[in-house]
Amino acid sequence: METMVELDGLSKHFGPFVAVDGISLTVGKGEVLGFLGPNGAGKSTTMRMVAGFLAPTAGTAKVCGHDVALDPVKVKSLLGYMAEGSPAYEDMTVRAFLTFIAEVRGLSGQAARTRIEEVVAKIKLEDVIDRSIEVLSKGYKRRVGMAQAILHDPPVLILDEPTDGLDPNQKHHVRTLIEEMAAEKAIIVSTHILEEVEAVCTRAVIIGNGRLLADGTSEELLHKLPEHNAVHIVVRADVATGAVAKLQTANGVSGVTQTTRTDGTMEIQCVADGDTEILDTVGSVLRENTIAYSQLYKNRGDLDAVFRQITAGGSTHA
Amino acid sequence: MRNLWIIAKRELYSYFTTPMAFIFIAIFVAMTGAFTFYIGRFFDRGQASLEPFFSFHPWLYLLLVPAVAMRLWSEERKSGTIEQLLTLPITTTDAVLGKFLAAWLFCGIALASTFPIWITVSYLGDPDHGVIGLSYIGSFLMAGAFLSIGACMSALTRNQIIAFIAAAAVCFIFTMSGLDLVLNFFRTWAPLFLVDVIAASSFLVRFESVTRGVMEFRDVVFFLSMIAFWLFATTVAVDAKKAA
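Which chain is which? The protein sequence lines are A and D, in order.
For what it's worth, our numbering labels the leading residue of the first sequence as 1, then goes sequentially.
For what it's worth, our numbering labels the leading residue of the second sequence as 1, then goes sequentially.
Keep in mind the hints are simulated off the structure, nothing from the lab.
All of these numbers come straight from a predicted model, not from anything done at the bench.
Treat the hints with care, as some may be off.
[Stated by the list, open to error] Which stretches of chain D does chain A cover? Using the computed rule of at least three CB atoms under 8 angstroms from a CB of chain A, they are: (1) 11-25; (2) 110-118.
[To be verified] Across the chosen pairs, the derived CB separations fall in these ranges: (3) D:Gly80 <-> A:Met1: 31 to 41 angstroms; (4) D:Gly80 <-> A:Ala55: 12 to 22 angstroms; (5) A:Asp127 <-> D:Pro116: 43 to 53 angstroms; (6) A:Asp67 <-> D:Leu192: 41 to 51 angstroms; (7) D:Asn184 <-> A:Gly165: 54 to 64 angstroms.
All residues carry an ideal CB built from backbone N, CA and C; glycine is no exception.
When you get a sec, could you build the whole thing from the sequences and use the hints?
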């Protein structure tokens, strides 16, 4: 896999405050990397350094082999960058703004007009093309930000919270766009919406207090949870104690807990020992002992839990 | 060069899509007229000269140029568009020069809009067109120097009001620096050479000699180096402050 973005020990200090603390990672062509982390974890600062907006205090960021500190203009020309909140010149119309971006990106005349038309159709901006940006809804503003980022068809895209504040349809549209472009580009997307990581990212990193805390596919991250692969059973309260006793001795089950649900039934959680699949075991224990249950399911664990666990006690600054 | 023009064009677009440009030009023209005819007693002098017209330019610029300059960088920082601008494949210098160029051209347009007064004085008498032409050039250069100070102040704060007041204050010091009002303030503590430098950088003194028809090469150099210095300071300020 061709490496497109390479961060090595990237750090940023603001006075005594360490915003980003030695982040190293690589992103290859075809990858969509999710940047996860609580607010203030250093996601935006990291992205701003790669995009050439902030100078790193230490470490290097390279895009397609070019160091952003040494050749910022080259790096910026290879990048499509959408800043948090996609700031744009509000007094301009969408068309005038995109024309300006196209000109700075080296497209002019007919080539610029054709490309703007293509992008506008792809991003579905036709209806607002001649309106000024200040009157657009949040969803449209975000799309304008997206349009300016992909206008020059860059090999690397960096999108800072592209779906923040959008409604579910708009989120879906942005995700579809990302998926469509993924094969040809290296894309970094920051978010704190974890379902988004599962939906679009091929890999995710978790950042907390400026440090890289975890790096892997969402499946790999889920494995970090003790509850990963746990089996949940819902039974009537009167059979719960008996069931727990039987389940505790079952093979591959490392722990059993029970909680009362709001409707009076009991929910039993059997935690798996390591990566052992215990769904069948638990099922047969229940059948052998003729314990009636109303629900039986395996819990993959969710990324929210991984996120909370890894970043717990983490960042206190917003 | 290409980038400068693209950025300047975008900036000018913003001036003219809002009523700002037209209000500014209208007020500038009206005030130069009012000052020339009422305070400058243009008719009573009985001379075919635009000296009363030009002599008010430093004072008008003191008020109006900081108003043009205040939004140059403060607004970019406040609205966050500075992040959009500086992640485009341009250098900070491109951005600083491009935006300055737009503001300067805009002041040029305002200044050019006062041309009826040149026609008037030519109709009434036989003025020295060379002096008038030079005075226009001198006034334009002075506007650039005021603007570059304003651009720097604007880069230092995200608050436009502070940018305006700071720019007006610094411009005032440079306008008046040949006079005791300013020099006495520095004489108490600054070394002599600094006082001399300040005394020599008075916009008012330089501009007055220009309007009397004596534009020396060193006056041009003075205004251009003022612009270069303040724009360099602007670049430093933008880089230092952009993320704050």
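Which hints, by number, does the structure contradict?
Going through the list in order, the structure violates hint 2 alone and respects the others.
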